[in-house]
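Line order of the protein sequences matches chains R and W. When you line the first sequence up against the numbering used here, it's residues 1 to 636, in that order. When you line the second sequence up against the numbering used here, it's residues 1 to 549, in that order.
Keep in mind that the hints are not guaranteed to be accurate.
Said to hold, decoys possible - A few chain R residues that don't get close to chain W, going by computed Cβ distances all over 12 Å:
(1) T48
(2) A63
(3) A78
(4) F266
(5) W505
(6) E507
(7) A514
(8) T515
(9) R568
(10) A588
(11) E601
To be verified - To give an idea of the interface, some chain W residues facing chain R are shown, with a C-beta separation under 7 Å as derived from the structure:
(12) L13
(13) E75
(14) R84
(15) A187
(16) A237
(17) A244
(18) D370
Derived from the structure by calculation, the hints contain no laboratory data. Glycine residues also receive a C-beta, built at the ideal position from the N, C-alpha and C atoms.
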Amino acid sequence: MTDRQHQPYGDEAAEGSRSPSRSDAPPTADPVGEGSPTAPAGDEPERTLLPIATAARTRAAVAELLRPHRRLAIGGFAVMVIATAVGLLTQPLLGRIVDIAADQRPPSALTTTVLLLAAVAVAQGLSTAAGLSLISRLGESVLAQLRERFIERALGLPLEQVERAGSGDLTVRVTGDVSLTADAVRNALPELARSLLAIVLTLGALAVLDWRFLLAALLALPVQIHTARWYVRRAVPLYAEQRVANGAQQQQLLDTIGGSSTVRAFRLEKEHSERVEERSWSVVGLTMRGVHLVLRFYSRLHIAEFIGLAAVLATGFLLVRAEAASLGTATAAALYFHSLFTPVNSALVLIDDAQSAIAGLARIIGVADLPLPKEPERPLAPKDSSVAVAGVSHSYRSGHPVLHDVAMALRPGERVALVGASGAGKTTLAKLIAGIHRPTTGSIELGGASLEDIGPGAIRRTVALITQETHVFAGPLADDLRLASAGATDAELRAALDRVDALSWVEALPDGMATVIGEGGHRLSGAQTQALALARLILADPPVVILDEATAEAGSTGARALEKAVSRAIDGRTALIVAHRLTQAASADRIVVMEAGRVVETGTHDALRAADGPYAALWEAWSDTRRSPNHPEPGS
Amino acid sequence: MAGQRRDVVLGSLLGAGHQAGEALVPVVIGVVIDRGVAQGDATGLVLGIVALGVIYIGLSFSFRFGARAGERAAETAAHRLRTRLVGRLLAPEGQAMGGRLSGELTNIATQDAKRVGAVCMALIVGISALMGLLVSAVVLVRISALLGLVVLLGTPLLLWLGHLLSKPLERRSEAEQERAAHASGVAADLVTGLRVLKGIGAEPAAVARYRRTSGDSLTATLRAARAGAWQNGLVLALTGVFIALVALVGGRLATEGDISLGELVSAVGLALFLLGPLSEFSWVNAELAQGRASAARIAEVLATEGAVLSGTGTLPRPVRGRIQLRDVSHGSLQALDLEVAPGEIVGVVATEPADATALLGLLARRFDPDSGVVELDGVALSTLDPGDLRTAILVAEHDADLFEGTLLSNVFAAADSADSIARAMAASGADEVALTLPQGGGTAVTERGRSLSGGQRQRVALARALAVDAPVLVLHDPATAVDAVTEAKIAAGLRELRHGRTTVVVTTSPALLAMTDRVVLIEGGSTTSTAAHVELVRDHVTYRTAVLS
């Protein structure tokens with residue numbers, strides 16, 4: 001072995017600090033890390049995490065992924081074996097130089113051996129480069145395949161399942177686990193492969209020199225095995241604790257820094273400084289515990305090194321004295337053992353990288369293994385854009401019904417407003433019609449076909465659900481829009497933007513529609529983001545639209561502008577609008593009023609006002625403050 | 001950094017001891033081969049092994065305690081920096097964010113602080129490596145001047161050559177790695193927007209896009225990996241050729257009897273060992289460079305000037321609550337005049353959102369006016385300590401964040417008394433929020449309040465502001481995300497709770513404006529009208545459009 005044979009101080013120190021302090025989550029990748037399980041709020045049901053693959057399933061899945069690359073795998077492995085084996089010729093050649101000197105042969109006798117040494121070096125360099133290339137190609141191809149399947153399944157997951165697991169679960173898997181596994185494949189895997197090969201082949205080479213050298217070297221083994229087990233037993237829970245503490249610190253910093261203007265306004269500076277200090281100090285404490293552990297680990301490995309080295313030297317002494325080996329052979333044996341330090345240390349250190357990567361892999365495979373949502377065997381297509389809800393009751397937790405026997409019908413092209421106080425069940429009904437949850441009892445039909453018969457894929461092409469939750473997809477603005485309609489031309493994109501009054505500001509962006517927006521790009525305001533969502537809706541062009549308070553967060557001035565855009569975006573579609581601004585309700589074809597999970601009233605704005613029921617009361621509360629002598633009919 | 005001097009010195013001393021020990025291991029192996037194995041002398045062997053044992057104990061302990069001291073220094077330094085950074089970010093003078101995103105600042109407080117702390121460790125490693133180099137040099141030159149020269153000149157040359165050859169590869173690999181990282185970024189982004197994707201049935205398009213990104217990323221990664229592999233191979237080959245050279249020189253010296261066989265073995269061992277400390281220098285260099293860059297980023301935040309100067313004036317107590325803005329210009333505001341009498345409840349309608357933002361900033365003293373004066377009870381705000389001022393005027397922002405904890409702990413955060421909490425909860429409608437949550441007021445709030453719905457969050461934030469019992473309360477759009485009935489209830493609750501204490505509500509909500517004593521209309525940066533809501537609705541066209549359309 002001609003790479004670094006002995007770990008210098010800094011190298012070990014760097015290794016040492018790697019495990020405890022660099023194993024923490026990447027800076028922003030894990031904003032909702034394990035330290036901050038999102039707590040259930042509202043009427044959310046109990047948490048059920050997404051599945052995690054068993055160890056056996058993880059192995060099987062990896063084998064499946066490797067199978068198509070069998071030849072690459074075998075080829076890569078073979079080349080690495082050759083590279084390592086060639087490298088192992090170095091020590092005997094050095095031994096031969098010792099023998100030549102011991103036999104006091106002329107200096108010219110050295111030439112061949114030295115040339116061979118140089119040739120070995122070049123051959124080892126070339127074959128190692130080739131082997132590492134092959135192995136990383138194998139690892140990276142498999143990784144790419146895995147992450148593509150993961151994303152496919154993750155995006156295909158029923159929202160219901162994602163919600164049950166908590167929003168953090170999937171995010172952590174995609175940010176934390178995927179990059180953890182990628183890092184392992186990129187850095188740990190080649191290193192581990194090389195180290196293991198070097199260890200096995202070096203031990204083999206020792207045996208070739210003389211089997212007794214192998215026995216001597218193996219004396220170090222019990223100490224090493226014991227050390228590794230001792231370490232893993234302590235390291236795994238400690239690192240888990242560290243991840244939690246790191247997550248908590250990250251969360252606290254985001255909380256405090258992100259909310260700093262609130263902190264200042266309410267004079268909470270002292271309290272927040274203390275919270276940050278406390279979390280930070282607990283991270284320091286845990287990191288130091290990790291450092292102590294790693295350092296004790298190295299101390300034990302030093303003992304193993306010493307035992308083995310002393311044994312090999314003693315064996316050399318005995319064999320040379322018994323004339324069973326030459327001085328050169330004894331030297332080669334000592335050099336072999338000395339060269340084992342680096343691969344043994346790296347292999348042992350890589351154990352915990354490998355462990356956390358395997359844990360991450362199990363979580364990725366858990367999702368990648370999920371079946372794609374089941375489509376019905378004989379799917380029915382909706383005949384028109386009508387919606388019919390009949391006898392629907394729903395409860396998230398049994399015994400806590402949120403909807404009671406709800407019935408309603410939307411004619412094709414009809415615009416219906418859903419009105420009621422917070423917690424009346426409007427959002428739940430919207431989600432049921434969009435096919436996100438399945439109603440506990442009752443039926444929902446789109447164009448005369450029940451949701452089950454239509455199937456999840458077609459439901460989503462038929463019903464669009466736009467909520468106050470928005471997201472700007474990172475990348476050029478045009479790409480964001482094309483998610484809704486992959487083949488849309490620039491002119492179509494422009495037309496959609498124009499319809500929602502967004503074209504002017506989009507064209508005023510630095511690069512127009514090519515401007516990079518979203519995370520790390522140009523920041524859009526809340527109203528702009530929502531306008532973009534409406535443009536996407538126009539491009540996706542679904543026959544039925546459900547808007548769940550889609551304009552709520554835009555602030556009062558922005559909301560009015562957005563309402564106009566909404567009105568144009570849903571033109572020609574069957575629309576159910578969950579609204580708390582009653583002007584939106586007043587302009588609808590029909591209004592459905594809900595109270596405590598029941599439909600209590602339905603009719604046109606005028607009819608309901610005349611009926612003097614709950615809607616009239618709502619309208620009274622709303623318009624009371626708006627009425628003015630000159631304008632007795634506000635909002636209409 | 002200076003605070004860690006003791007640990008750094010201790011670490012350096014012990015680290016130096018460790019490196020000296022590591023350097024001596026190949027030397028002792030040579031001695032054992034010479035004295036013991038070559039001469040068949042058991043005493044020599046045993047003595048050698050004992051010496052090896054002593055060296056091992058020494059190097060092991062100095063490594064353990066040296067590295068411990070170094071890490072302790074690094075972590076403590078990082079912790080101190082983190083605490084100072086947060087202190088600056090929370091300072092009442094403000095503006096420390098300097099337009100940075102909170103994620104970026106969190107990064108500075110964690111990663112950059114850590115890198116600066118790591119400089120402690122880098123110093124120790126550098127000093128230790130120097131010691132290893134020194135011991136090897138002394139031993140080698142004592143064995144043979146020629147051999148010593150070959151090794152001592154050869155190793156740096158070899159490293160330099162390796163560096164030179166791998167530089168283009170490295171540069172390429174870095175660029176490729178950046179592109180490779182893109183795939184994981186896109187994946188995270190798509191998952192974050194999962195609901196939006198599902199809302200319009202765009203999952204297939206998203207999956208197709210991700211496949212393309214992932215494929216591009218794979219190509220880039222493979223190029224990077226190949227570059228890395230060749231760099232690795234290159235260094236291996238160079239090292240091997242160098243060892244052959246040392247063996248040639250050493251072997252010749254040994255065959256000519258100038259050095260012993262053991263010394264030959266030691267020399268070869270030392271040549272291999274030296275590559276370690278020498279390559280450590282480039283690592284130390286890189287760490288120091290990173291540490292410098294991180295330190296610069298931290299220093300920049302720490303040195304950000306406050307948006308306002310801390311004043312020395314004092315507020316007359318008790319605060320009566322007269323607010324007066326005279327001829328104030330700032331941002332979009334132009335010669336604005338505004339007066340609020342003690343105990344008055346005033347609505348402010350700004351046709352331009354920028355005017356509202358500027359007014360709120362001035363009242364919270366996040367900045368001072370360019371010209372004109374803002375006064376509280378006749379004292380100019382710019383003469384007051386901003387922290388002190390905020391105990392008198394509470395500006396509750398529209399997008400105020402909630403913090404980790406429970407619903408109640410959030411309301412409690414700055415509250416005066418348990419009594420005021422109960423009243424604030426009722427007035428803001430937060431009591432109803434608590435009723436609908438599974439654990440009531442004890443329900444955990446996470447993700448800065450994002451675990452609640454918009455309407456729930458708004459009511460809890462309003463309760464927190466009302467619980468403070470501030471002499472002057474300024475509310476910005478406090479009820480935009482609640483339904484009409486709740487909004488009306490909040491308006492009534494506000495009126496009752498704030499009765500007799502100065503309250504400014506910046507909003508365009510008619511429900512809230514209707515309960516105020518009078519409303520001030522700001523158009524184009526200055527006050528154009530002031531009257532009761534009903535009158536303005538009746539007489540003022542602009543007002544009607546702004547509020548009622």
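If you check each hint against the structure, which ones fail?
4, 12, 14, 18
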